[in-house]
Amino acid sequence: MEVDKGKGEAEETRKVAEADRDTVTLKSSDGKLFEVSKEAAARLSTVLAGMIAGGSIDDNGTDLKQIGSEALENVVDYCNKHANSIPSAALISSSISFNTAPFKEPEEWERKFVDRLSHDALFDLVEAANFLGMERLLDVTCHKISEMMKGKSPDQIREVFNIKNDYTKEELEEIRQELAWAFYDD
Amino acid sequence: MAPRRGRPPPELTDDVIREILLRLPPSEPAHLVRAALVCRRWRRLLADRGFLRLHRAFHGGAPPLLGFLPLGAPATAEAAAWRFSLPEPEPHAWLALDARHGRVLLHSSDPKRLVVWDPITGDHHKLPLPAHPYRSLAAAVLCAAMDGCDHLDCHGGPFLVAFAATTRRRSSDHSETTWVSVFSSTDGAWGGPTSLSIPLGPASHVATTPGLLADGALYFTLRRGDDGVGILKYDIVRRSLSVIDPPFLRHDVVSMSMAEDDGGGGGLDLQRHFLHLWACRAGDDDGWVRRRVIDLDALLPAAVPKKCAFAVKRVSGFAEGADTIFVSTNVGT
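Top to bottom, those sequences are chains A and B. Reminder that position 107 of the first sequence reads as 107 in UniProt numbering, one-by-one numbering, no gaps. Reminder that position 247 of the second sequence reads as 247 in UniProt numbering, one-by-one numbering, no gaps.
In isolation and in its complexed conformation, chain B is listed as follows (with noise of 0.2 Å):
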């Protein structure tokens, strides 16, 4: 680079500031917090909404994963490379059950209540459990605006929590009622309960798992007396409960909700080595196909034996929107 020349060196505006930070590589925000340390000026640009904007449609519009939160254990106040601070400091009080839309589903039990948290910004609604008793729980949080919004930068504004759970019928038979209420962040209360008219049959009932909403609707996981797993689907407009069965009904099977391209639903399930990726054809829920199957041996660390029958591998979660899937060994630290 040439050196300067006598006169001052050329002011940049604005607009083209703007335009070079997002330019920095997204997938290294230590450059963006340091141009905001440059000067104030720079902060404000960065600060400002429309170029959170700007930066999610250059960059492809996707979200970031900023971490993962484990599930079915206490909720750890890290994630990722990023440390968040929890509503309040008792993490093994904490269970986390859902993330989306900028926002996680906490579960406390002591108080026992939900708890909707904004990592980002440290915001959180706490809310009441459903009234009505139950033995297990699905929940799922996301935007209350159904239409006409990204996702991208809606996570101060009203929000739905859905609730999925079976409950012990107290008659005879013995057999499980499975229901979802949902919480209107506007209304400030639960709504009635819609409850599935078949029963499941004994033992059968929710899974503590995520859920997946995929075109208007949240599919949450079933284990069935059976061994074998179901999809609970919830039409979130019409407020109708359905059971999809999938083609994975195998006891050694770990199945997930995923969203397919095509509008319909979709699975994947891990069968020793091999992840089979199913979909659904929209609006056809006995048209499964498998659509990939992946040799996790071939992806995974050399460090994790091929084909042994003591390395458990698990898929432990996805990331909607992101086309991630986390899958988790018992074996290397």
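Chain A with its partners taken away, still in its complex shape (with noise of 0.2 Å):
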């Protein structure tokens, strides 16, 4: 698959409004311009499978306010990716809705893909899947999140996410005497 990302302007002297093409430009919040495959896009974005089968995507770059041109490079990437790693058999039968599917653990490419990201950029990428629908990288990226926070205490996962305690010292103490089973181990 040819895999086009990044290339910003370069796109726009691609303006092959063909009616049938088979990939997508998406445009990020920053102007940048990425193309994905359409039957990718369809397939692990609810919300792009909505546009395209709408006929609301833009072929001179579907505008994506909400997501910056790092994170929109991560989701082509995964998009391309994931295409690449499953056998084309599969391709036609994979119209799997992953809100009922059970969570099946993070395959090793996928693991890989989210344990290169830094922090912020994960964090933007998990911003990136929920706002796209895209059921499985939410559930990669949050998995990888949610191990972060494994064995950590309170003081330490505000640290990871940036949170700000907006408890008083007395409600802190009163909640860990009742809960006192859960600081076992702390």
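Keep in mind that the hints were calculated from the coordinates and are not lab data. C-beta atoms are modelled at their ideal positions from N, C-alpha and C, and glycine is treated no differently. Treat the hints loosely; a few may be bogus.
Heads up, incomplete: computed chain A residues facing chain B, CB under 8 Å, no partners named [unchecked claim]:
| # | residue |
| --- | --- |
| 1 | E127 |
| 2 | S146 |
| 3 | M149 |
| 4 | S153 |
| 5 | E174 |
| 6 | I175 |
Starting from the two chains in their separate frames, assemble the complex, guided by the hints.
Structure below.
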């Protein structure tokens, strides 16, 4: 599969408005253009599938104002890797709804895919996956983030998520006493 | 993980935080408690009933097994890793009769009454015992909604208590009469008793073991006068009572009713070291099949002596809907 990513303005010159294009062009909040296979986009993202079916895809670049270029690049990268990792026979019968399918452990390539991301890139990507209705990518990224919480105290979790503690000391002490069993291994 | 860059770190939306918290391992609930302590917003997300439903749907739907209360012994305030507070602090007077749909049914001997207790919220409802005299009893508590409830979040709603008892008849034949009466929390009263038309024979009585709810009927264990066992079936909708004779009518047998996937009934008995699982086809109370034989010696820890005549094993309970059978032994600590 031909992968074009992050070539920005170069894409602008390729405004080939063919009706039967097999790719869609997506535009990040900072104006960069990315091309992704129409089949993969429709299969992996409920939002893009809806836009493709509803004819609201803009060949000059469908605006995704909520998603920055780094996150969108990762989304497109994930779509391409996903398409390549599935044998072609499986593609035909792959109209799985991940909403109802039980959670499957991330595959090796998916693990590697999220492991190489920086903290911020991972957090941006999970929001992009949620926005685009990409159940599997949401699964994989959320799984990774939930793993980052394991064995951590509330203080350490706040640090990971950059959250300010808005409980009073008394409230915290009260909850801690009530649920002391949860802190045995602190 | 690469160090943060200059810009402020991305803030996650409620949707995404919910998705992340959903994926914390359900086998370690401490994770969720720690998460609730992070900030008010996270606590609000976790305490939301919608999250509870999502969590159960995501992790397979079966309600978690919180622990067990000893039956036939005073109900103690501790179950598994969780410390529950009993409705009233007089543990010696309590007997746990049954637990289902997030509720526990307790029998109090002083004062004499039943209590339906929600161990999670601590709510409890006191109800009088049925007015009819009895000498042995079994009881079951269940959600009042027979259809259209998944029983995952109904523990604060209306409930039913079915009370099965055996009374010695005052007439000359000394035979027993067995009946079931149902209390509805909506009516706040016991319904008229349904009696078994056929006498069970001398010394037969309802055994004080938890009942089983399957396919709109409750099943209780009967001790027969000849040291055998029977199953008392109460159809909740039709309010009819009948007796099923299982094939394991032996005095060294502990039997319990169990639900079968196909809607039929089932039972299990323990003979020495082997646990036998029996199944009965739906609508055919005579069609018993031995489904599985489990060699407990292969399962139990090495500390329990193999094939030892003194090592008594007992089926002490089962968890409906959680596919769990408890077996106790008198060996080890």
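Status of the hints after comparison with the structure:
1. E127: With Cβ-Cβ at 6 Å, under 8 Å, it holds.
2. S146: Hint holds; A:S146 Cβ to chain B Cβ min 4 Å, cut 8 Å.
3. M149: Hint holds; A:M149 Cβ to chain B Cβ min 7 Å, cut 8 Å.
4. S153: Given a least distance of 7 Å, the restraint on A:S153 holds.
5. E174: 11 Å, violated
6. I175: Holds, about 6 Å.
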